[in-house]
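J.: Sequence:
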Amino acid sequence: MSKRITFGSLMIAALAGIFWVEWTSENAWYEGLALAVLCVGLAVVGFLEIARMADKTGLGALPTSGIIGSVAIGTFPYWWSLIDSGAGQLQWSPMVATRLMLLLMGMVVVLVFVEQMVRYRTAGAIGRIACTFLALAYISVGTALIISLRLTHGMDLLLLFLVAVKFTDMGAYFTGKAFGKHKMIPWLSPGKSWEGLAGGLAIAAGASALAVRIMGIKEIATWEALVFGAVVGAAGQLADLCESLLKRSADVKDSGALVPNFGGVLDMVDSPLLSIPVATALLWVFL
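First residue of the sequence shown: 28, per the numbering used here; consecutive thereafter.
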């Protein structure tokens, strides 16, 4: 228990430091850099954890091309912001960014096939390539959208997103412990209950509305914050079930063991990675 508290405190302190740097870097040359560095670490370790689970199923993954692709695609919004800000009077359109992203994705696809041919030839090609693409999509799409949210809408809306996701997790856990009687999907996640889900969504909605008031986010109305918290929270719980599906398939309790007593990196960031598309869509509607 003491180790859990120690490592938990260290992680909170590290995240607080990253958020402080990001919050004070608005319009500075290093805006978004700390978050991008964090996402690089998440991409590398997260891909290796999925590759480890793929190995346990007998399928495997391609680490070199997978890690390169996860980092390159996952941090693309940050690199594009540097390129765009240095373009001067060129005024590049969003279509240029779209084409560059598609070009990058195409190059990664080719790299994956090349690594398979060089290292394994035809042995296990379909399974290994499929698992590599799964890990690439899982990691890079989420990190790219998180960085994009921060650079487009600022730290306050990124924090609002994290409040919705994490307060759902905490609310569902404590509500489920106290009142949980009806299991959601016992074969997939025995600890989750419908009562816990309802409590978690209610707490997330309230916390999101309160966060909007405290941070003075005038673009988001109170009712929109309530909807945002509940919907993003629900997406986060679905994301947690998605990771549980992978772990059950690989017959592992945790995605990894990088952080003692906390499991793997994916165990801590699975909800944000797969719920950020929903948050992005809602912000498009509300803003």
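Please keep in mind that the hints were generated in silico from the structure rather than gathered at the bench. Glycine residues also receive a C-beta, built at the ideal position from the N, C-alpha and C atoms. Certain hints may be false.
[Said to hold, decoys possible] Distance ranges between label pairs, derived from CB positions:
(1) 248 x 153: 27 to 35 Å
(2) 112 x 48: 29 to 37 Å
(3) 53 x 248: 51 to 59 Å
(4) 145 x 206: 49 to 57 Å
[Claimed, not checked] 20 Å max Cα-Cα, derived EDC-like pairs, lysine to aspartate or glutamate:
(5) 193 x 251
(6) 193 x 183
(7) 208 x 196
J.: Hint numbers the structure violates, sorted upward?
T.: 1, 2, 3
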